[in-house]
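A.B. asks: The lines below spell out each chain.
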Amino acid sequence: MSDETPNVTAPALPSSRKLITALAAIAMISGLLVAVTFQVTAPVIKKNQQEALERAIFQVLPEATVAANFQLEGGQLTALTAEQFADANVFAGFNAENQLVGVAMEGAARGYQDVVRILYAYDPAQEGILGFTVLQSSETPGIGDKVETDDAFLANFNPLDARLNEAGDALANPIITVKNGRKVNPWEIDGISGATITSTAVANALNESAATMLPTLMANQDALVAPKGTD
Amino acid sequence: MATDPRAPEPLSLATFTQGIWKENPVFVMLLGLCPVLAVTNTATNALAMGLATLFVLLCSGVLVSLLRKVIPKQVRIACYIIIIATFVTIVDYAIQAISLDLHRALGAFIQLIVVNCVILGRAESYASKNTVINAFVNALGMGVGFTLALLCLGVVREILGFGTLFAIELFGASFQPWAVFALPPGGFFALAGWLFLFAYIRKRRAAAQSEETHVA
Amino acid sequence: MSTAGHKVVLHTSPHLRETPSVKVIMRNVVWALLPIVAFSVYQFGISVLALTFVCVGTCIGVEHVACRLSGKQSTVNDWSVTITGLLLALTLPPGFPLWMAAVAAIAGVGIGKLFFGGLGYNIMNPALIGRAFAQAAFTAPMTTWVPIMAEDRFTQFIPSTLTLPFLRPESIQPWLASVAPDGFSGATPLALMKFEQVPTESLSLLLGSTAGSAGETSALLIMLCGAYLVYRRMMDVRITISILVVAALTTTVFYLINPDTYPGPLFMLCSGGMMLGAVFMATDMVASPVTPLGVWIYGGLIGFITIIIRLFGGLSEGIMYAILLANACSPLISSVTQPRRYGAPSKKGTG
Amino acid sequence: MSPDSHAFIFLNAFLINNFVLAMFLGLCPFLGVSGKVKTAWNMGLAVIFVMIVSSVCAFGINHLLVRYNLEFLRLICYIAVIASAVQLVEMFVKKFSPALFRTLGIFLPLITTNCAILGLALFQTNREYDFTQCLAFSLGAGAGFTLALVLMAGLREKLELADVPDTVTQAALSLMIAGLLSLTFMGFAGLGG
Amino acid sequence: MFDLLSFLRPSGTFSHGIHPAENKHYTAHMPIRRLPFAPELVLPLSQHFGAPSEAIVHPGQEVVRGEPIAKANGFMSVPLHAPATGRIKRIELMPTAKGPRTPSIILEVYPGDSQEVRYDFPRDYTTMEPADIVKAVQDTGLVGLGGAAFPTHVKLSPPKEHKVHTVLLNGCECEPFLTTDHRVMLEYPEDLIRGTKILMKALGAERAIIGTEENKMDAVAAIQAVLPADGSIEVRAVPTKYPQGAEKMLAKALMGVEIPSGSFPSSVGLGVFNVASTAELGALFPHSQGVIERVVTVTGPGIEKPGNYLVPIGTPIGFILDQLGFAGSANTLIMGGPMMGGSVSSLEVPMTKGSGGLLVLTEQILEQQHELSTHPCISCAQCLDACPMHLNPSQLGKLAYKHRYEDMQSDFHLMDCFECGCCSYVCPSGIPLVQYFRIAKSSLREQAARERAAAS
Ligand SMILES: Cc1cc2nc3c(=O)[nH]c(=O)nc-3n(C[C@H](O)[C@H](O)[C@H](O)COP(=O)(O)O)c2cc1C
Ligand SMILES: Cc1cc2nc3c(=O)[nH]c(=O)nc-3n(C[C@H](O)[C@H](O)[C@H](O)COP(=O)(O)O)c2cc1C
Ligand SMILES: Cc1cc2nc3c(=O)[nH]c(=O)nc-3n(C[C@H](O)[C@H](O)[C@H](O)COP(=O)(O)O)c2cc1C
Ligand SMILES: Cc1cc2nc3c(=O)[nH]c(=O)nc-3n(C[C@H](O)[C@H](O)[C@H](O)CO)c2cc1C
Ligand code: SF4
Ligand code: SF4
Ligand code: SF4
Ligand code: SF4
Ligand code: FES
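Read top to bottom, the protein sequences are chains A, B, C, D and E.
Counting from 1, one number per residue, gives the positions in the first sequence under the numbering used here.
Counting from 1, one number per residue, gives the positions in the second sequence under the numbering used here.
Counting from 1, one number per residue, gives the positions in the third sequence under the numbering used here.
Counting from 1, one number per residue, gives the positions in the fourth sequence under the numbering used here.
Counting from 1, one number per residue, gives the positions in the fifth sequence under the numbering used here.
If we strip away everything but chain A, and leave its shape as in the complex, we get:
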């Protein structure tokens, strides 16, 4: 043997049929167990996901009592059923009188550590952003997570100007973060000192999402109607 490893005589193999049978049996048992678990938990998980999403939507649109799912794609706004929430990217909130109180959409941008994903509420009537909630972030606890708790920062959103320009194809003014205490215009966000980077990430997420979504959304405003059959 050219190989340097000593030639150890392997113990006599049991017939390979036996090996394969054992493996296959184990695999079958496990496949079965997993499949059963999946069947049992799938609806619960889906319900959980839906609830989590709705909780977020109602958090940014506190006045809403009902939410409807829409998909904005290729200049079209399509209504989706409640079960199709995974495909939706626009969530409209309605109050008890079935009036539109606002639209929730997602935005994402690079923060201090990683991408910050937020869900923000837009009010077509005021053409402004009402607030946001963080869906996912790995910003530093105690610093970056202040964007959700800092009162001064949240005061930027009552509402934050996000008007479209005359032509209606872009934001009139880009949403930007300025250094703490320097805000002069209604479309500027007064950053949190010590967390400028996360503040900027929020602004960037808003700006990018608003700039791409709002022109089509506003053009298709009329499609935003409350889901039928809800009480």
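Among these hints, one or two may not hold up.
Per label pair, the in silico range of CB-to-CB distance [claimed, not checked]:
#	chain 1	residue 1	chain 2	residue 2	range
1	D	Gly32	B	Lys69	54 to 60 angstroms
2	D	Gly32	E	Glu214	55 to 61 angstroms
3	C	Leu167	D	Lys36	44 to 50 angstroms
Derived by calculation from the structure, the hints in this document are not laboratory data.
Even for Gly, the Cβ is constructed at its ideal location relative to N, Cα and C.
Given the structure of chain A, go ahead and fit chains B, C, D and E with the ligands onto it with the hints provided.
C.D. replies: Showing chains B, C, D and E with the ligands alone in chain A's frame:
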């Protein structure tokens, strides 16, 4: 199992306790450290992770022990891994069903239980050679030991890093948390700290003992 | 005199030594640091004085107690831990709560030095480990800056300084409004540059009339104090030179590409902790390589990483992390740059 | 840099969210095989190699699983396929390059089933990377692992000659070094943002 | 340290090294004087590197000054000559500078004798064959007076494959305090030139360079006055720096070549000899005489009458101290210079052929330095910047501290260290690096010997 050098162990209290102290998987054997450090930034996560691991340990231990006469030696590792992966998948779905937030906090680490050396190690070195009862008790001990270790870290890191314990605020709003303990370095520091503490205690005890024998 | 009764004392060669001892070197570094501390106290007032005392005191205390506990002779009299305390104080913001400074000192000396065996065995710069620990633990207070030359700085503490242990510092906004009514931006020159593209005049950087950590103010003064050590041959100036040169070169490349977004080399060298780091902290011999070529590589690495973090990282300042990283690399750097010994066979010959 | 760009994915796995120091993946080999710089290099190479193999495998399998709606079998399939793929490659290497096998071979069984490898597969699936992104990701993760491992080994070799207090065990020492490295790597946060 | 511009400076010396305080002012200006004979001389049979000489006298026998009293025991050995007229008293074990007691001839000096050298057989080197010269050099009992006491004739028979083209004469005397070679060059330049010619003849070399340091320009002038007209011998001053006198450094400084690790100078065509050895050769060879006395610098803060003395071989140190007076009640007595010399354990130890200096340091001076020895290595790299061999003493020291001798040898070239002491000298932590290295080397050598024994 005539070829086996180690005869099945009789059931005793040690079967249970060795995993908790003398052979604690984290503090003594330094196994499965990834989840130990990754998900212990809060006590809740630590507990959940501990229980999930405990569950997988128990189930796989029992099943491996049950099947120990059936599984051929040559494919045993593959079989163990499949068994473990099965239970991990089950736990993964169960946690998603219980709480999405928890699932998000634990992230991929639930699924990574599959590769946790503690579990495969137990299956290979204990469950495959012992009776079902023994395997169960031993896995319980190991699992509890693992969970306790996770809690040791989780409690320290949550109290210092957030000023809370199981999400209950402990010190009032003006407490300044030490965020570093919620961050990755804090995990290493906390575990190093515990190991240092144990070594210190052991040394003190050894010193006291040698003094005793000296006097006697 | 007769040789009767003469005592013969045995000794091994070399029988004479003429170098300053570790103690003398360390003591001289303390002297060289004192003017910087004094200038900082002059600019920021008694808060920095208290900060210095707390840092130095805690550092000395920790080392003394640790030596006691492990039954060793106390090593505080070698002055090295005093340097750690002074440098730590210089790297903290002037209004940093004293209790947090003490925590930083404990972390720096405890896990940065004593854990590994004390003087000579630490793997990274203890003062910077203290600072990095504080930055990760107490990020907000670590990025709270105050203006220089506040009116009553010699009679009043900055409010955050005296925060009670374990509590958050109160907001210094009202105090700021009272001492700097015309609006203090609350940002260091680096942060101004990075986040708002507002450059600061080089002269103010050289003289140190800007906000920042206690010791990262006057580049000129730091260079002078460093020059004293270089003159006494107690500091490895090769490290300082390589850091500054590589940092300047890297900056220049980006500056030439786009002078509007990227600052110029002079700004980079004189702002932030660059000077203090390059002169006093990267030169800590314990955690730097020993080989001649290694020293240049080490310095170059620090200069380069600092600029990369400053220009493209999330933070406005990068010298601390750059030095710590280079410290971590230094055993590797040393081992791949072993000097070619006299009379070594040519590479081919060794086979 | 856009978060989806290959350069950023690489950089993120390499430095910013270093697999070992920030994500806590692959700690067992990290602590176990970091005693000597030379071993650390070889181990690092082996990890990079296995990561690429498993990343490619996982990408392929996930494709199939999604097509047949069998996502719930993902974990089991990943682990089985990665283990056998590495085994296959190992046999291949042993046959065609015994020299390479001698440097890498001993590490392969150690790493085929550890968190770093499986974690890589799971993360790339969660983040829905396409094929080339997967490659960038696995290269970055492997390089990050190697960097951390080699730095650690250098420092541990240095500390072998130190008078470390006797209450500081080898494990505590390694963890403390890892903690300090992790603290250091925080400086890369936000790089390329 | 931290020498930034070293690469800009003209060479003409080696790189690294140190500049210790020279302290040559005690004795540099003092002409060589004769010291009286001690009543009893102690002549160890092993004063040189190699096999000990074999006594050819018996107790009670009378000998005259210059007469051979021990013969060479093989090629790697030299004979011994009676330094004074007198009577052999005993042959017994006596303490030596190196420590262990070794067999020595004890000679009782006749106090009344004129002590003239009557042993004189003229011969002419110019007509001799090289092989005969080598034999004749061995008969003079000459060994390297530069410190190593390596038999000179052995160096005159290099391995066949090596052809020596240049003889280097080492007059650097880089050790602080010592002025022996300086005075010899100044006072006996003719002997030096004659010796040089003998060496060149024996080796078949075309050229010789006398190298000295820049602090001895008067010696350069003295030699220049007597240089042969054909230009085959030149004298050159190199920068004053320790250890310029090490042959490897001298070869680098004068010839710009490095002597490969583990090789003799002859492998690069050089032969290196100390100037005092050469002058001694020049004086003794034409008369077929043997080495019976040598110039010794007796100096140091502990000596009342420092100076350069012609001391008969075998004079006990105690006798010299009694003659010259000393300060303090506890001293360290160093055979050689402060950098490389060894301290002796007893006043009975005699001066031997290899000892060119006797340095007396008071206890206070040494105590002042003890304050240094307290710290671990702080990696200041001063030792790396000092080591003339470009080794890494810092790492070597750390490894030695952990007894990892094998790693020191295999990875950090311990065996290239020639124990010059530069690293210890500069270490601010006061680590006894050279001492560590000596222990490591001897431990490795012992182990190798054990292994050889086990193998055979
Ligand atoms: C450990 C650490 C964590 C940090 N976390 C964040 C963060 O989560 N969000 C953020 O915007 N900045 C973070 N930073 C960066 C600084 O706190 C701060 O943003 C930067 O210095 C800019 O300062 P300014 O906001 O006062 O201008 C962090 C810094 C460190 C050292
Ligand atoms: C700014 C500055 C202040 C100094 N203050 C003192 C001092 O107060 N006392 C002192 O002995 N040396 C002081 N020195 C150092 C001295 O100039 C001198 O170099 C040093 O004391 C010599 O000590 P050494 O011989 O122990 O190295 C100071 C040096 C500098 C640069
Ligand atoms: C560190 C060191 C320093 C030395 N310095 C001198 C010196 O200054 N003068 C000298 O003649 N030999 C010195 N030597 C010895 C020389 O290397 C060489 O052995 C000697 O010049 C050979 O001449 P010799 O055999 O005639 O003594 C030194 C050796 C060492 C290792
Ligand atoms: C030039 C010089 C710079 C130093 N810089 C530092 C430093 O940045 N941080 C520190 O803790 N100690 C510093 N020291 C002191 C000493 O080296 C330090 O306490 C050791 O790192 C502790 O082992 C320095 C010493 C010198 C001579
Ligand atoms: S120091 Fe050594 S080498 Fe230099 S002259 Fe003196 S004995 Fe010779
Ligand atoms: S004693 Fe050895 S290691 Fe030290 S400087 Fe001299 S040659 Fe170098
Ligand atoms: S290795 Fe060093 S001690 Fe040994 S013979 Fe050579 S120079 Fe002398
Ligand atoms: S051995 Fe001495 S001189 Fe060399 S690096 Fe260490 S402390 Fe400095
Ligand atoms: S637990 Fe992660 S590698 Fe073992």
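A.B. asks: Taking the hints in turn, state whether each one holds.
C.D. replies: Hint-by-hint comparison with the structure:
The beta-carbon spacing between Gly32(D) and Lys69(B), approximately 33 angstroms, falls outside the hinted interval of 54 to 60 angstroms. One distance hint, 55 to 61 angstroms for the beta-carbon pair Gly32(D) and Glu214(E), holds here, with the actual separation near 59 angstroms. Distance hint check for Leu167(C) and Lys36(D): the Cβ-Cβ separation is about 47 angstroms, which falls inside the suggested range of 44 to 50 angstroms.
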